[in-house]
Structure formats: structure tokens, C-alpha cells
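Work the whole structure out from these sequences, hints included.
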Amino acid sequence: MHQELLRRGAGKTAALATRVALATRSAPPLGIFCSVSDQNLSESVASSRSLRFHWELQCQDVSALRGQVVQFKLSDIGEGIREVTVKEWYVKEGDTVSQFDSICEVQSDKASVTITSRYDGVIKKLYYNLDDIAYVGKPLVDIETEALKDSEEDVVETPAVSHDEHTHQEIKGRKTLATPAVRRLAMENNIKLSEVVGSGKDGRILKEDILNYLEKQTGAILPPSPKAEIMPPPPKPKDMTIPIPVSKPPVFTGKDKTEPIKGFQKAMVKTMSAALKIPHFGYCDEVDLTELVKLREELKPIAFARGIKLSFMPFFLKTSDKQKNSTMHVKNFNRDQPRAVGLELKASHNIGIAMDTEQGLIVPNVKNVQICSIFEIAAELKRLQKLGSVGQLSTTDLTGGTFTLSNIGSIGGTYAKPVILPPEVAIGAIGSIKCFHAIPRFNQKGEVYKAHVMNVSWSADHRVIDGATMSRFSNLWKSYLENPAFMLLDLK
Amino acid sequence: MLIPYSMKNCFQLLYNLQVPAAGFKKTVKNGLIIHSISNDVYQNLAVEDWIHDQMNLEDKPILFFWRNSPSVVIGRHQNPWQECNLNLMREEGIKLARRKSGGGAVYHDMGNINLTFFTTKKNYDRMENLKLIVRALNAVQPQLDVQATKRFDLLLDGQFKISGTASKIGRTTAYHHCTLLCSTDGTFLSSLLKSPYQGIRSNATASIPSLVKNLLEKDPTLTCEILMNAVAKEYAAYHQTDNHIHLINPTDETLFPGINSKAKELQTWEWIYGKTPKFNINTSFNVLYEQSHLNIKVFIDIKNGRIEICNIEAPDHWLPLGILDKLNSSLVGSKFCPTETTMLTNILLRTCPQDHKLHSKWNILCEKIKGIM
Chain A
1 MHQELLRRGA GKTAALATRV ALATRSAPPL GIFCSVSDQN LSESVASSRS LRFHWELQCQ
61 DVSALRGQVV QFKLSDIGEG IREVTVKEWY VKEGDTVSQF DSICEVQSDK ASVTITSRYD
121 GVIKKLYYNL DDIAYVGKPL VDIETEALKD SEEDVVETPA VSHDEHTHQE IKGRKTLATP
181 AVRRLAMENN IKLSEVVGSG KDGRILKEDI LNYLEKQTGA ILPPSPKAEI MPPPPKPKDM
241 TIPIPVSKPP VFTGKDKTEP IKGFQKAMVK TMSAALKIPH FGYCDEVDLT ELVKLREELK
301 PIAFARGIKL SFMPFFLKTS DKQKNSTMHV KNFNRDQPRA VGLELKASHN IGIAMDTEQG
361 LIVPNVKNVQ ICSIFEIAAE LKRLQKLGSV GQLSTTDLTG GTFTLSNIGS IGGTYAKPVI
421 LPPEVAIGAI GSIKCFHAIP RFNQKGEVYK AHVMNVSWSA DHRVIDGATM SRFSNLWKSY
481 LENPAFMLLD LK
Chain B
1 MLIPYSMKNC FQLLYNLQVP AAGFKKTVKN GLIIHSISND VYQNLAVEDW IHDQMNLEDK
61 PILFFWRNSP SVVIGRHQNP WQECNLNLMR EEGIKLARRK SGGGAVYHDM GNINLTFFTT
121 KKNYDRMENL KLIVRALNAV QPQLDVQATK RFDLLLDGQF KISGTASKIG RTTAYHHCTL
181 LCSTDGTFLS SLLKSPYQGI RSNATASIPS LVKNLLEKDP TLTCEILMNA VAKEYAAYHQ
241 TDNHIHLINP TDETLFPGIN SKAKELQTWE WIYGKTPKFN INTSFNVLYE QSHLNIKVFI
301 DIKNGRIEIC NIEAPDHWLP LGILDKLNSS LVGSKFCPTE TTMLTNILLR TCPQDHKLHS
361 KWNILCEKIK GIM
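For the record, the sequence lines run as chains A and B.
FYI, this note's numbering numbers position 153 of the first sequence as 153, with every residue one higher than the one before it.
FYI, this note's numbering numbers position 39 of the second sequence as 39, with every residue one higher than the one before it.
These are computed hints drawn from the structure, not numbers from a lab.
None of the hints are false.
Residues on chain A that point at chain B, a partial pick, calculated with CB under 7 angstroms:
| no. | residue |
| --- | --- |
| 1 | S112 |
| 2 | T116 |
| 3 | K262 |
| 4 | G263 |
| 5 | F264 |
| 6 | A274 |
| 7 | Q359 |
| 8 | I362 |
| 9 | L398 |
| 10 | P422 |
Glycine is no exception: its CB is placed at the ideal position from the N, C-alpha and C atoms.
Printed below as a string of C-alpha cells:
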């Protein structure tokens, strides 16, 4: 054992010994084993085992140390250009790069040049900052390249499972030499390293070899024909026990990513926090839209002739307004004020429509719904939707809302629990209209008919609105929509 | 991204057809001339990108003709706020694109021809390409006084710029593209390429404004068609290849696999605005409120198109400090973009005390801030 240790110790460089010593701190470096006396042999054997264990774990670092630090010089760009300006770095110190990865972007006299790496390795030093002038022929970055042949031998096969043969070093008794980057490339493309001919030094497999191998793969567009799998019949168990399939647990190598909350999202956080301070209560109901569906079918062509595609939303908006009392259109000034200011009943009923855009939730409102006809509301909705889709809604469009309707049903869903947008006091979420999937209902006469039913979910500020008020509001809204003819009576 | 061999062959096949069947002599250079059927600036820029990334141009250069619907194209390391009038562009629906080559800002419309010369890095020679264009122009109109300058511009009559150049050099391939002003809207060009934004300090590549002129103004026979054909003829002669302009569709995935995702990337906010080198704005403006003038000072640092530091100062008798602090801290991290700012400031308003005067002041201030974005 001692002799074995001696042999190993003698074979290593001082650099390795130092590194290992630093890593382990407790155990003496291998080189010193030569001088260990017999009395301390058992001690040193034990510590050497732990040393070797540490040594295996530190293999990566060790091999890196043995790699060279290469000065990657800025190569000739052409046209006699001697100097360029560094415009963007694609890497930073400590990053691992592969051959052909982009390192930086430099500019010279209207030419933008992408400098790519010539080596695999780790970036050790950047010689320039942004907007500095870099010179052709002078060092651009230092790259610590992975050491050559020696390191392959030093990378001991750890007990950890090398889960596929792509990274397996010894295949058919022959070591396949390839850097970890090349191995990764091979693995990603399902290539067996044993099948690739290495063109580098000592038969080493280079990145180009992998690329050439892939090029030769013809018919890559077509999916590989399924292998004829002949399943042998399961052997009849003699003792009637059912063999339990042992499957390897999938190894998940994903990493958590932290994304800071920025800009608009941050503002939403503030608003929603404020919103949830409002004591909400919910009220849900079903509305039978069968009659409205028929009416809309009649009105659609007329509206279309006037350039508007008539949806259900204008009806919903108008009926939200046809109320005797305007308790719903209130601005609550009570929040966070030491002196209660009271409620302001708004004369202008500006109903907001919650819109989902690329940037997030946006709530433009239709002004003065109380004096608009259903057609006018439809036209205004079209204008708002168009502006919303290109992100050009003005401040006026987005402020002054007194009540909000959210058409979440256009995406899906039945019931919701919408959150009131301060400083309003109520909000409605409209579920999907089961137009194509109508459900059977019984009418007054007990006959079955096809009904188009929609669900609505209201939320209201309980400090201002009580259950009875909400209920009356909802019932009236429902009755107008279920019997559109009633709207004519109260038409203003 | 590794392209399977058979897919690579799609455009490569077309390209290879140019090789004369009867053997090849070392002196025979070949080339391919293509013309895009699309006028979408992003799709056309994606073609350049694709050819640059995917093709092996060994001894087989390519000439690419393309024209775009009204767009402003800035260089790789430029600052759009410094280079053009973004507000006007938004109003007029003019697209903004950032190309991958260096150089300055240009305005494209259907009266401007873009030419891209693709070669290997070894054969990259801008002056050679420009001389080719000059020969072509003189072949059509021998009296035309067109000269290439040291800055790789083409000047007409010694003073009017009719062409600007930019290029991109990669590992093995390179391209040099330039414009050719034929019948572009000159007044519109000047107004679009003039930035109204004050107080910008940045290290981004600045454009050098030049006096321009259309070739059509000089000689009414020099239309886009005639000019393209003339350059193609000269190119074919020089490279001893077929004088045939192949039409290509930049959205054809079978011809250019992966091109649509390149075009998409070129349209993202992160590429167009986010790639702007770090800059800051130090300016002030006056606000009229109830017959009194108020001075608002603005210090904003922007990195990757997003606000890093935001310091908007307004007299505290007008707007409470707490409200201003809220605005400043909320803007940090958000895009330097009027759309995002509109949404942000509106939603923030809901958390402010409900006071008409406060709201109107807030709205006035926010409109002014958006005006500098």
C-alpha cells in the first residue's frame, strides 16, 4: 500500500500536490508521503483514502489547472484595419466557451465584426472594456484551455453513474479522446463517440469531426423508422410473483431562474395589494341569453353594414348602466385618508373593459355610457380594441373609469372571483357564452328548449354596497338581457 | 444550430446549379444574383443573416437586391433616440429595424435599392464592390459623375450622397451592403432622420448627416429597374456567371430553414431597442399648469433599453414628493417606451390618493415624460 502511494505520489507534479493540499487542507500532499514514517503509516493510509476521495472530486479543477492559459489575440480583420472599437462583450470572466462561440462584437469604420473563439475553455481575462480601442495582433482575451491528453487519464471514473455510453471513456478497450465540450455536443446529437473518426492529435475527436459526421447523416428530415420491437412473451413465473419493473428515476437537470419584477409588473403588485384591502364580497348568477342571441343575429348584418362587428359586450355594458340608482358608479375616497371624505357618486358612467394585451392587463373605458346607444358603445369598443392591440391607448382612454367589466369568458371559464380595481367599488366577470354548446332547459310550459347560458360573477366593496343592492342590480341586469324587449321600456 | 445536410442543400442546391457543368477552371469565378420578392425590412434582413450564418461562400459570391416599404434602419451599435424621430415614425407607421452590420442610420422606401455583396472573409473588398457599381452606372449613363469616397460613400457630382455603406464580418463569411438612392422621398427622409430628443449622452455610433440626391432627379431614365439590371449585368460579367436574377421568397422555410425565427427575432423590442448601448438623458422641460410655468428636470440612465436610474424632479409645491418618489421608483426597471409607461402610470394612479387636481397633474407630467421616449 505504502509503495503504491509512493508510486502515485512520485508520478504527479508539484502543482497537483499543491492544489490537492489546498483542497483538502487537512491531509498532507501526496509528495510528502514518501517521507512518512512507518508509525504514522496507518494514519496516512486513512488520510490518503480521504485525500484520494477529495482528489477525485477535485479532478475537474485539477485538470483545468494543468491546462494552459492561452492569449487569444485579435486576428487580422482585413482591409488593413489596425484598430477597432469593442462594442459588446458576449462573455465575461469565468464563462466557459466552446470553439466558434462568439466572444465579442467590434466595430471598425462601418464594419461590425463578430470575433469567435478558437478554443474550448474558460475565459480568464478580458483585456478591454466597452468602447475601448482594441488593436489587431494584441491580446483580446485569455482563455484557459482544457489540457490535452494527460487530463483524460486523470479524469477517474467516479462511482457516479455515467448514464450513457456517449461520455464513457473506455470503449472497446480504446480511450476516446475528446474534450467535455465535444462530448456534450455528441450527446446532444445522439452520436456515439466510438463511431466518429477523430482527426486531431492521437486520434482525438474534434468539434469538426462531429459536424462532419452529422453532415453525412442523410435522410435526417425523415423521422427514423420505428425499430421493429419484438417483445418476447413474458416468462411464466413459476412462483406466481409479478415482476415489478424497475425504472431509473428521470434525472432532472433544470435550474431555478430568478426573474426580478420590473416596470409594469411592479406597478400591478402595488395596485393589487391596494385592491385586496377592499372587503370584497361576491355574487354570481346565471343568465339565459337565448333571446339575446336571436336578437344579435338579427342586428349583426345591420351593424356590419355600418362597419361594426356586433358582439355581446355592448349589450352587457348598456345594461350595467340602466339602473335606477347609480350606486355602482362611485368613486370611493375613503381609503387611506385619515378623515373620511365620503363617496362621490359619479355623474359620468365610464365603464371599463379589462383587456389582455402583450404588455399585460389594461383597462380602457367607454365614456358616458348613460348617453350612448348600443351601437355607439360598439363603435367605441372597436376603437379601444384597435388602439389597445397596438399599444396606443391614450391616458384619457385609460383613466376616469367608474365600473369595470371583465370579459374573461372570451378566453374561457365559467365563474370567477374578480378583484375590484380601486378606486371603483364593483366589478363584473363574464363567463363564456355556451353558444355552440347550448344546454337544455325547461321553459314555463315545462317544454325542453335549447338555452344559451352564461354565468356572471360580481364582486363589490362591502363598505359601500350591501348584498341586497348587489342582488337587485344583478337581477335587473339579468332581466334586461334575458328579455331584451324590456330594455325598450326604459330606453333613454 | 446544426442544420442537417439535406436541408442545407435547399438553397445550396440552387446555388450549386450555378456551377458550370463542363468542369471548372481555377480562374472561373462564379456568383449568384438574387432578388427578394418581399418588401418587409425584417424578412429581408433575415435573408442576409441566414446567408451569412449558413452558407459556405467559397469562390461563389452572392449579390442580393432588396427594397423595403418605408422603414428606418439603424446600425448595430446605434441609439434610435439619437438617430431618428421616433414619435413621427409612430404616427406615420414607419417601421424601425436594427441591422447586424455597423454604420449609420438610413431611410428606406421603394425608391431606394439595397445591394448586398456576400463573399468569404478573404475576398471581402468594399472598394471593389463600389467600383463595380460605378462601372454599372457609367455603362447606363456615361456622363454620370459618380465617385467612391474614402468613407465608402458614393457621391454624385462630387457633393450629393447617393449611396452609403455598412458591412458585417464573421468567422468565415462577410457581407458588404449599400444603398442606392433612386427615387426616395427626400423631404420625408430628412424629417425622419432628425432626432427631436434633447440631452442624450451616449457612446453609440453617431450618424454623419449628408446632403442626398436621387439619381432619378439627375437623369429621369435611371429608374430602379434599370439600375438593378445594370449592376446585375456588371456583376455577372465580373464574376463570369449567368446574368440571371433569381427571385427568392424570404418566408420560404424549405428554401431557408429557420429564417422565420430570424425575422421574428429582428422584430423583438429586445433587439431593436434593447441593444442600444448604455446612455443617459439630462434634460428639462416646461409645463403649463393653470397659467403658471413649472420647470421639470429629468435625469434618466438607460441600459439595454430599460430605465436603470430615474430622477424626475418637479417643484414640490406642485406635486408632493411622495408621489414623485413613487413614480421614480416604479419607472426603474421598466422599458424606456411610451406604451409601457402609459400602462404603468395608469395603473399606479389607482394607488394614489383620489384627488382630481392630483390626477390631472400626474397625467400632464406623464404625457411629457412619454414625449421624450
